[in-house]
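2 protein chains.
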Amino acid sequence: MTQVSSQRNPAETKPGRTRGTKGTTTSSERGRKPVSAAHSVPTPTVDVAALGEQLLGKWADVRRQARALAAKPELHKIEGQTHTEHRQRTFEQLNFLVENNAVHRAFPASLGGNDDHGGNIAGFEELVTADPSLQIKAGVQWGLFGSAVMHLGTAEHHKKWLPGIMNMDIPGCFAMTETGHGSDVASIATTATYHPDTEEFVLHTPFRAAWKDYIGNAAIDGLGAVVFAQLVTRDVNHGVHAFYVDLRDPQTKEFMPGIGGEDDGVKGGLNGIDNGRLHFSHVRIPRTDLLDRYGSVAADGTYDSPIASPGRRFFTMLGTLVQGRVSLDGAAVAAAKISLKAAIQYSTERRQFNASSAIEEEVLLDYQRHQRRLFTRLATTYAASFAHEKLLTKFDDVFSGAHDTDADRQDLETLAAAFKPLSTWHALDTLQECREACGGAGFLIENRFASLRADLDVYVTFEGDNTVLLQLVAKRLLADYAKEFRGVDVGVLARYVVGQAAGAAVHRTGLRQVAQFVADTGSVQKAALALRDEDGQRALLTDRVQTMVADVGGALRGVNKMSKEQGAALFNQHQNELIDAARAHAELLQWEAFTEALPAVADDGTRQVLTWLRDLFGLSLIEKNLSWYLMNGRLSMQRARTVGDYINRLLVRIRPHALDLVDAFGYSPEHVRSAVATGAEKMRQDEAHEYFRSMRARGDAPIDEKVLLARKAAAATGK
Amino acid sequence: MTQVSSQRNPAETKPGRTRGTKGTTTSSERGRKPVSAAHSVPTPTVDVAALGEQLLGKWADVRRQARALAAKPELHKIEGQTHTEHRQRTFEQLNFLVENNAVHRAFPASLGGNDDHGGNIAGFEELVTADPSLQIKAGVQWGLFGSAVMHLGTAEHHKKWLPGIMNMDIPGCFAMTETGHGSDVASIATTATYHPDTEEFVLHTPFRAAWKDYIGNAAIDGLGAVVFAQLVTRDVNHGVHAFYVDLRDPQTKEFMPGIGGEDDGVKGGLNGIDNGRLHFSHVRIPRTDLLDRYGSVAADGTYDSPIASPGRRFFTMLGTLVQGRVSLDGAAVAAAKISLKAAIQYSTERRQFNASSAIEEEVLLDYQRHQRRLFTRLATTYAASFAHEKLLTKFDDVFSGAHDTDADRQDLETLAAAFKPLSTWHALDTLQECREACGGAGFLIENRFASLRADLDVYVTFEGDNTVLLQLVAKRLLADYAKEFRGVDVGVLARYVVGQAAGAAVHRTGLRQVAQFVADTGSVQKAALALRDEDGQRALLTDRVQTMVADVGGALRGVNKMSKEQGAALFNQHQNELIDAARAHAELLQWEAFTEALPAVADDGTRQVLTWLRDLFGLSLIEKNLSWYLMNGRLSMQRARTVGDYINRLLVRIRPHALDLVDAFGYSPEHVRSAVATGAEKMRQDEAHEYFRSMRARGDAPIDEKVLLARKAAAATGK
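Protein sequences appear in the order of chains A and B.
Mind the numbering: the first sequence is residues 70 to 788 in this note's numbering, read in order.
Mind the numbering: the second sequence is residues 70 to 788 in this note's numbering, read in order.
Just so you know, these hints were derived from the structure itself, not from any lab.
None of the values given here were measured: they were computed from a predicted structure.
Even for Gly, the Cβ is constructed at its ideal location relative to N, Cα and C.
Incorrect hints may have been included.
A few chain A residues that don't get close to chain B, going by computed Cβ distances all over 10 Å [what the hints assert, rightly or not]:
#: 1; residue: ALA119
#: 2; residue: ASP130
#: 3; residue: HIS250
#: 4; residue: SER256
#: 5; residue: VAL271
#: 6; residue: ILE354
#: 7; residue: GLN501
#: 8; residue: GLU515
#: 9; residue: VAL670
#: 10; residue: MET706
#: 11; residue: ALA709
#: 12; residue: GLN754
Calculated from the model, a selection of chain A residues having no Cβ within reach of chain B, i.e. all distances over 12 Å [unchecked claim]:
#: 13; residue: ALA137
#: 14; residue: ASP315
#: 15; residue: ALA551
With the Cβ distance kept under 10 Å, some of the chain A side facing chain B (calculated, not the full set) [what the hints assert, rightly or not]:
#: 16; residue: GLY308
#: 17; residue: ARG441
#: 18; residue: ARG601
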């Protein structure tokens with residue numbers, strides 16, 4: 070067998086295997102340790118099965134079940150449907166989920182559920198590979214509408230509505246958002262005013278901006294709704310509460326009297342969901358249809374709540390929303406995974422431009438830029454995946470009641486608000502980069518990047534706008550910071566931190582990130598010497614968060630003593646920094662989750678490769694914020710200049726393992742469903758290669774004019 | 070009139086007018102100079118009409134005509150259509166364009182055209198506001214198919230086919246790209262082998278990878294095609310040539326014998342175009358159907374070309390492709406403009422969260438982060454717009470023959486390869502940021518962001534993949550660099566440059582950017598003292614390009630003496646830097662185009678505001694690459710730390726003029742067609758405001774529970 074044909078035989082070499090032409094010394098193969106011919110140094114291999122199992126995490130069984138379901142063609146998105154057809158199909162798919170017992174895990178065992186909150190989210194987020202519309206419509210029905218009845222209602226409500234919600238007899242809406250107020254739920258203007266004479270609430274939309282908007286199931290399917298409104302009784306507004314409302318007549322599907330609405334029409338994606346608008350004109354609902362777990366009204370109009378503080382009550386009622394954020398975080402990671410699987414597999418087969426050889430073109434994944442584009446995102450996807458597992462565990466702890474203190478709930482809120490923005494933006498970025506990395510083919514719907522990207526687009530603004538969520542994180546960071554240093558002049562402290570004085574010991578806060586900065590900064594100079602090491606990366610990433618928070622904290626000193634307007638203006642002057650600090654915090658948490666996952670890897674080779682990938686993630690974060698490290702004296706010019714080179718060397722090390730790393734995600738062709746990831750490109754390349762090879766062998770290839778001219782020129786000069 | 074109502078009256082204040090609460094001292098109004106009440110310092114105003122005229126540029130009249138056409142509902146995209154319906158509509162729209170004399174400007178006057186190449190592109194790119202599918206399908210028909218016949222064919226060909234192409238009797242294809250080779254046209258595998266016995270070429274597709282792919286008009290509409298194939302005669306392959314081929318029977322619309330194809334199906338966008346695949350099985354075409362301007366075959370099979378070098382001949386024939394890149398650059402800028410118009414107008418009306426006042430929420434555009442998100446992109450859009458005008462002028466100079474040397478053509482190619490990637494990526498980024506800045510509303514198709522983004526997605530990889538184009542720019546930079554310093558040891562030179570030695574004078578190259586570095590570096594230290602000034606920005610931006618090129622040039626020293634494989638490996642190790650250098654070069658050219666446009670602004674106020682915007686563009690570039698300036702000793706830590714603050718101050722200065730700056734783009738509601746930009750939000754806000762105002766006036770607003778609790782607490786403590 071000639072050298073050329075051995076390079077091209079797909080049966081003998083796995084697609085991801087490189088031939089060592091691009092600085093990689095050898096390649097990885099499943100099942101045995103390959104040895105570099107040149108140096109006889111064994112390179113690590115990845116135990117794909119074991120890594121896959123680790124990635125499946127605590128709810129591996131649920132994920133496997135959900136993936137088996139998501140592999141069924143009945144649940145797959147049909148591309149090119151009109152939004153009307155797509156809506157119909159998605160509606161029917163919800164019934165299919167019911168029939169397959171796929172969506173009741175979180176509901177009470179007494180009603181046929183499993184009381185399994187973490188498992189419910191794990192299963193739910195896997196649906197994204199079938200069709201994001203299906204995932205989100207299921208989320209509207211059971212995660213929002215049903216969940217609101219379950220968490221905000223009481224036993225009577227559960228008995229009355231949950232069975233119908235669970236079995237789809239009552240498709241319904243979660244009617245919270247209004248046209249005039251997106252993420253600012255406290256400001257909604259719909260009112261529910263109690264009338265003791267009839268023992269009814271009158272639900273009313275006072276003006277156009279108070280229409281409910283973007284409400285899933287509102288345009289067509291919703292028969293019921295949980296409607297959020299300002300509860301007014303005895304001339305006191307007790308804030309936002311949830312009311313169960315019959316929306317449409319189950320027979321005629323017409324709106325009930327006093328209720329109207331509009332179709333939101335075609336959207337940028339998720340067109341399997343019938344989003345719409347709703348408005349209420351003096352609609353009378355029975356007193357008992359207030360979901361009154363956290364606030365009730367007696368027949369005479371007396372308001373009562375187990376939570377005295379209106380602010381705390383509001384946040385408790387909205388607390389169920391966190392599961393939406395948790396599941397979007399997981400779904401975004403899943404979408405990034407299948408997208409990278411498709412793009413990386415294609416890049417190991419596709420050849421383009423013959424820079425290094427006249428006979429054969431380069432495999433795309435051997436190009437440095439291509440590696441940068443895909444491997445940095447692969448590393449982030451791993452980080453986001455491990456981070457999501459931690460978030461989901463935290464969520465399950467809280468919702469199962471295992472660890473359900475106020476502090477736990479606040480930590481959960483903060484974690485979700487930190488991870489959901491990063492992972493949803495990352496999914497869009499990854500889908501787009503994969504689509505571009507596949508060129509024109511990436512734009513064809515048969516390869517799904519564009520379709521998934523369109524569907525996931527809204528993930529970055531719904532269930533909490535990403536920019537708003539990061540500000541919640543920032544406020545928590547500032548609050549922890551202030552709490553830790555109560556009585557200390559924060560301005561002085563900020564300067565102290567910036568000056569990198571070491572030695573002072575400070576206790577850690579609950580989230581343990583914010584206040585360790587003084588304790589840690591002593592290691593920063595060492596870190597500069599070893600930014601490739603775990604401790605070095607940790608110190609640099611942690612230091613940045615802490616310093617940024619301390620800087621803003623210092624700048625905001627005295628904001629509480631100012632007028633509301635002055636305070637807001639001062640805050641606004643630092644809004645950009647605040648959001649950057651929150652992002653840095655979230656990235657640190659992702660890096661920590663990745664790092665904590667490493668000791669759990671049993672196989673040495675796998676752990677080595679994952680450590681490179683973690684290093685790539687950490688170094689990419691440091692590279693992205695290199696100017697900060699330089700401006701603040703954390704890295705020297707000389708040290709900073711090594712970051713890019715080191716990243717390039719990591720890319721070369723990771724290259725032979727890239728396909729293993731995406732295969733470990735464990736998605737089958739039924740989930741990926743991307744024409745470029747079917748091996749078709751490899752077959753085409755082989756066919757073309759064989760055509761040229763046999764033509765050369767027969768000696769009947771036409772001679773290239775350039776070659777002819779070169780020969781003539783050589784002959785003319787007698788050479 | 071109370072203070073509150075005067076703040077809310079839309080009839081008296083223009084929507085963009087701020088009330089000075091966010092650090093702006095006053096606001097801008099058309100037609101008069103407002104004076105700050107506090108300081109009596111006049112702030113500049115923008116002469117929207119004059120600025121609009123300047124932006125329309127050299128082909129203002131053509132643009133006005135094209136915009137009038139693009140305003141017609143007949144040409145507008147209908148959202149939610151299936152791709153089949155959309156294709157049909159777009160096809161009919163092409164006939165509408167013919168009837169309205171909109172697309173023949175570039176064709177010869179003898180055939181009813183205008184020989185107006187710049188005007189043709191100007192008019193063509195304006196169509197993007199009606200429907201990008203329309204723009205691109207028109208581009209396929211006249212800009213690629215027709216243009217290939219015109220530029221690569223000779224008089225006989227023109228007479229035979231151009232009339233039918235111009236009037237849509239012959240819808241046709243530009244069949245160049247193959248499945249197996251995207252941007253690497255030289256490697257296409259379709260062959261056209263000459264047979265002197267029958268005086269025919271035999272067109273043949275040897276294997277699946279050689280199918281033509283992504284070809285507009287191929288799936289349904291194409292009756293004719295210009296097919297690119299390797300021309301083989303007398304056993305010599307003379308490289309890629311273009312052949313006119315009858316594709317389908319004009320009556321039956323069936324493929325001609327030997328021709329087959331496939332539909333590319335639904336795509337991520339541009340679904341008004343029927344992209345498809347084509348393959349040829351020994352299809353015989355007459356010798357005279359070779360478009361033989363740059364290469365002909367005599368009856369006996371003798372090949373002849375006016376261009377002796379096969380390489381130069383290839384690039385000459387592909388030279389017509391540059392007009393596609395030029396027009397995509399312009400269309401991308403137009404899309405960014407209408408998107409910013411919509412998002413910025415909405416942000417001046419939309420209110421969210423009441424941080425500074427209990428009564429009224431903040432206008433979105435008063436938030437610092439929101440300003441960052443939108444104004445930095447506004448600045449880039451202005452830069453890209455002025456840069457496009459320069460590119461279009463260069464294009465017209467070359468294609469009109471006014472300045473048509475080899476050097477001119479090369480400069481044009483380089484400029485187009487530099488600007489098209491930046492503007493098309495910028496358009497996607499801007500559309501996405503605008504969509505997110507409008508929250509959930511941004512995701513509704515009625516606001517068009519998602520629709521335009523989907524359609525423009527492929528602009529970043531077609532007509533030359535952006536990453537590939539930037540590498541062409543990089544190679545040109547390296548070539549100019551090497552040419553300038555022929556005989557000089559580039560390694561020494563690179564160190565010399567990095568060391569910032571001043572004094573040595575070097576002549577400038579044609580593009581005048583690369584080789585001025587030694588001459589300019591003397592001003593870098595001054596620049597560090599004045600990075601807010603034009604000269605400081607210029608020095609910093611220029612220095613970076615030159616140093617990066619010199620660095621890579623130094624690293625690649627000796628590459629010509631290496632084996633092909635070694636050389637390719639060395640290049641690949643620096644691929645990322647090379648692409649970054651090309652991008653930096655393109656950004657510098659954009660900055661220069663913006664800066665050169667400033668003296669042409671007659672009105673002082675307008676020039677002042679535009680200068681701020683140019684500064685924002687320049688400083689944003691410097692901020693983005695701040696780590697480079699720090700690592701390379703171009704900026705001190707102290708100086709670098711001022712960049713972010715200065716950008717924040719520029720945002721505040723630009724804030725009152727934001728609406729003027731987008732209005733100057735000159736697009737009417739018929740072009741913008743975004744529900745959020747209709748003033749509807751303002752009406753809703755006013756209605757809500759009036760509702761609460763009158764409720765307070767009547768004294769029948771319910772009291773807030775929080776207020777009640779606070780009163781009770783105060784009463785209990787006796788305060």
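Separation of A:GLU515 from chain B, once the least beta-carbon distance is taken, above 10 Å: Non-interface label fails for A:GLU515: nearest chain B Cβ at 6 Å, not farther than 10 Å.
Taking the shortest Cβ-to-Cβ distance between A:GLN501 and chain B, state whether it exceeds 10 Å. 8 Å, violated
Just want to verify: A:ASP130 was marked as not at the interface with chain B; is every Cβ pair farther apart than 10 Å? Its Cβ never comes within 10 Å of chain B, the nearest being 35 Å, so this holds.
Beyond 10 Å from every chain B Cβ - status for A:VAL271: 13 Å, holds
Would you check whether the claim that A:ALA137 is not at the interface survives, using Cβ distances to chain B and the 12 Å cut-off? 27 Å, holds
A cut-off of 10 Å on Cβ-Cβ distance, and A:HIS250 was said to be off the interface with chain B. Does that hold? Label violated. Min Cβ-Cβ 7 Å, cutoff 10 Å.
Closest C-beta approach of A:GLY308 to chain B relative to 10 Å, hint status: 6 Å, holds
Assertion that A:ALA119 lies farther than 10 Å from chain B (Cβ): 33 Å, holds
If I take the minimum Cβ distance from A:VAL670 to any residue of chain B, is it greater than 10 Å? 29 Å, holds
For the hint on A:ARG601, does the least C-beta distance to chain B fall short of 10 Å? 17 Å, violated
Separation of A:GLN754 from chain B, once the least beta-carbon distance is taken, above 10 Å: 7 Å, violated
Is the nearest Cβ of chain B still more than 10 Å from the Cβ of A:SER256? Not fine: 7 Å to the nearest Cβ puts A:SER256 too close to chain B.
In summary, the structure is inconsistent with hints 3, 4, 7, 8, 10, 11, 12 and 18 from the numbered list given earlier, while agreeing with the others.
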